[in-house]
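**Student:** Sequence:
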Amino acid sequence: NDRLVKIWYRTIDNSAIISFMSTYLPHPRAVTYISWRQTSQFFAEGTVVNCILTCCKDNICRIWCETMQQDESSIYTNDPTMITTQRKRQSDCVDRSVQKLYKMR
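The sequence shown lines up with residues 1 to 105 when you count with the UniProt record's numbering.
It should be emphasised that the hints constitute simulated quantities derived from the structure, not laboratory data.
Be aware that a few hints might be false.
Here are the computed distance ranges between Cβ atoms for each label pair [what the hints assert, rightly or not]:
#, residue 1, residue 2, range
1, Tyr33, Arg10, 19 to 29 Å
2, Cys55, Ala16, 34 to 44 Å
3, Ala16, Leu53, 31 to 41 Å
4, Thr67, Ala30, 23 to 33 Å
5, Ala16, Cys61, 33 to 43 Å
6, Asn50, Leu4, 12 to 22 Å
7, Arg37, Lys6, 14 to 24 Å
8, Arg37, Asn1, 21 to 31 Å
9, Trp36, Asp13, 21 to 31 Å
10, Asn1, Gln41, 22 to 32 Å
11, Trp8, Arg62, 16 to 26 Å
12, Ala16, Glu45, 27 to 37 Å
13, Asp13, Lys57, 31 to 41 Å
14, Ile18, Asn59, 36 to 46 Å
Since this is a predicted model, take the numbers as computed values, not measurements.
Heads up, the beta-carbon is just placed ideally off N, CA and C, and yes, glycines get one too.
Put together the whole structure using the sequences plus the hints.
**Tutor:** Okay, here's the thing in structure tokens:
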């Protein structure tokens, strides 16, 4: 009955030590399904990179796309204009993903 999906990713730094960080993908209800599409060398240029599909008990499937954040603090913000901008970017990402899926058919 967990509502959080924990994602681990490798950090990039100049040291010889391999390190990882994590982030959570919050959901309103318990997660019932997870599927990950790993980046492949065979994807066309411009294809959305790593994506995760999650479904939860609210009967909504969500597509999570990897993005490059310039400033991690911008993820947790109280500025409504920033939240709107992030939602617009996410919406654009999903729209592009769906368009590419239609082209694959």
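**Student:** Does each hint fit the structure? Answer for all of them.
**Tutor:** Structure-based check of all given hints:
no. : hint                        : result
1   : Tyr33 <-> Arg10: 19 to 29 Å : holds, 25 Å
2   : Cys55 <-> Ala16: 34 to 44 Å : holds, 40 Å
3   : Ala16 <-> Leu53: 31 to 41 Å : holds, 35 Å
4   : Thr67 <-> Ala30: 23 to 33 Å : holds, 26 Å
5   : Ala16 <-> Cys61: 33 to 43 Å : holds, 40 Å
6   : Asn50 <-> Leu4: 12 to 22 Å  : holds, 19 Å
7   : Arg37 <-> Lys6: 14 to 24 Å  : holds, 18 Å
8   : Arg37 <-> Asn1: 21 to 31 Å  : holds, 26 Å
9   : Trp36 <-> Asp13: 21 to 31 Å : holds, 24 Å
10  : Asn1 <-> Gln41: 22 to 32 Å  : violated, 38 Å
11  : Trp8 <-> Arg62: 16 to 26 Å  : holds, 19 Å
12  : Ala16 <-> Glu45: 27 to 37 Å : holds, 32 Å
13  : Asp13 <-> Lys57: 31 to 41 Å : holds, 39 Å
14  : Ile18 <-> Asn59: 36 to 46 Å : holds, 39 Å
Figure legend: structure checked against the earlier numbered hints; the only hint not met is number 10.
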